[in-house]
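S.K.: Listed here are the chains, written in short residue letters.
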Amino acid sequence: MPERMPKELEPAGGNGLLHRRLFLKGGAAALGAGSLGLMTAAQAKERPPWMRAPGRALSGYGSRSPYEDHVQRRPLSAKGTDGAGGSWTPLEALEGMITPNPLHFERHHSGIPNIDPGRHRLLIHGLVKRDLFFDMDALSRYPMVSRTQFIECSGNSYLAGLPEQPVNATCGELHGLVACSEWTGVPLSILLDEAGVDPAAQWILAEGADAAAMSRSVPLAKAMDDALLAIYQNGERLRPDNGYPVRLFLPGYEGNMSVKWLRRIKVTAAPAMTRDETAKYSDLMPDGRTLLFTFPMDVKSVITSPAPGLELAGPGLYQISGMAWSGLGRIAKVEVSADRGATWAEAALSEPVLDKAVTRFRMAWRWNGSPSVIMSRAMDETGATQPTRDALIAAKGRKFAYHYNAIQAWGIDGAGHVANVYA
Amino acid sequence: MRSLAPAAALAKMISVALAMAAFAQEGPGLGIEATPEEVAQWDISIQPNGEGLPPGSGTALAGQPIYTLHCFSCHGAEGKGQLNDVLAGGHGSLDGPAPRKTVGSFWPYATTVFDYIRRTMPYQQPHSLSDEAIYALTAYLLFLNGIIEEDEVMDARTLPEVRMPNRDNFILAYPPGARQKPRQQRAP
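Heads up: the sequence lines are chains A and B, in that order. Here the first sequence stands for residues 1 to 423, numbered as in our numbering. Here the second sequence stands for residues 1 to 188, numbered as in our numbering.
Everything labelled a hint here was simulated from the structure, so no lab data went into it. Zero decoy hints are in this set.
Residues on chain A that point at chain B, a partial pick, calculated with CB under 7 Å:
(1) Ala213
(2) Arg289
(3) Leu292
(4) Thr294
Model, not experiment: these values are computed from the prediction. Beta carbons are placed, not taken as given, at the ideal position from N, Cα and C, and that holds for glycine.
Please work from the sequences and hints to get the whole structure.
M.R.: Structure (structure tokens):
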């Protein structure tokens, strides 16, 4: 008598995509019992060395297993410097929605300052009733809020799709300038209210205390809406590479505007037109004109497993796992294709699905061992959807370098090797 | 015990409500007022209209030797690039297939040149050059790009008046409605 196939094992899309419920209900356990690799009785008698002696001592600050030391950011800095550049998060080695603090990507313009929090002050001045200094002791007494949200460098991903030929690199090296953390700090609006903003004000200038005195103009409306002076990241004080002791955090906006090591906010009537908002972080269009102030990061997703940097061990059941995010709001839907975009199936979104946060999506996939192209496309709650690479290039050309958010295709060859491909 | 007179009770309620509203809006109110001198010392930003530019002046002639000493090793002779960014040339290349963005071909405001040098250059030793030297370096970069003459004096009055060649080719994407968004593909 033919067995009825469980609903979870019915195809949901072409080339082996299975129903997303497979990974929601423990179906995998029922399915995989035969491949668990149980120990033989002889092996079971032989206890591993870590069971035959007490483990290492307690410690004041934890460290990861030495077996995980190979999971590293990939630093790349401007010639003649070791701190002006970026380090890319190894996305293919991580899971879930939160980025561990030591692996959070970096983008610095003149290295990481070693700031003594006892000597650090924030000045708020300009078009305000009172010019005010705040030291860290004062800031830590203000009401705080916590928000789990992503931050992404606007230059993220351009190497994944703008060059003529696909660049051969890992998923993290192509897309790793994005991270998601729980940020805790003081709403900037509280401090601006205390200073008393002049009705003529339209912008603020935010400036860091690094050697670049990195500065960006930010609309006052954003500063009053949801801007945060972040002091904690994932529960502990910010790391120096993320702006210790205090950074600006602007949910959904391109990363460099969330100025790290924040020392000064000047309330102004007009933008300052700093180098980092005109000469850099502006979008050159095909006709030679340039867009200024393209602040929000658009909807985007990428499959982080399988992905370049990982290999498939052979045909069989796999979990496709990836990240989706949008600077405009919550992720509404992620679809996955395993047949180069011919058919798409909806992936499971892992709760919680938060506003302007990374959302983890997952999908079951039975790989039959034949060369395949897998991809994901995300839609956010505003209806914005990731464009294809062709559509994005048709609209914006290839000279813009910032805000690249096209659908990413990974090619898997018969040997299980995964590579960046254009599809 | 005598109750408060109605008017006094109302006044007290109002004052309590105001105090609570003030707390909700302003937090504990721990900001320390900064003196004008402190603000002047901290404020290093410059607006495109020249607001914030300090006293002093310089010319390209004066800037050339300063450039050789502090900038040449990273940016090459005459701003043609070495290890780091090319600072001169590239004019007319932005609408072609291989755009070359330099101070002269790309930057919209001359004030930004002064502002950027003063806040972060030279890379190994920012905040080491005098305002005079920064005016002279700014003038030298503008001269290398054919924007001003070699002996033209740059100061708080003349620098904001310099018209950068690419100035009119910038479009504001903010505030909203300033432009049309690039089309995004919609899912079927």
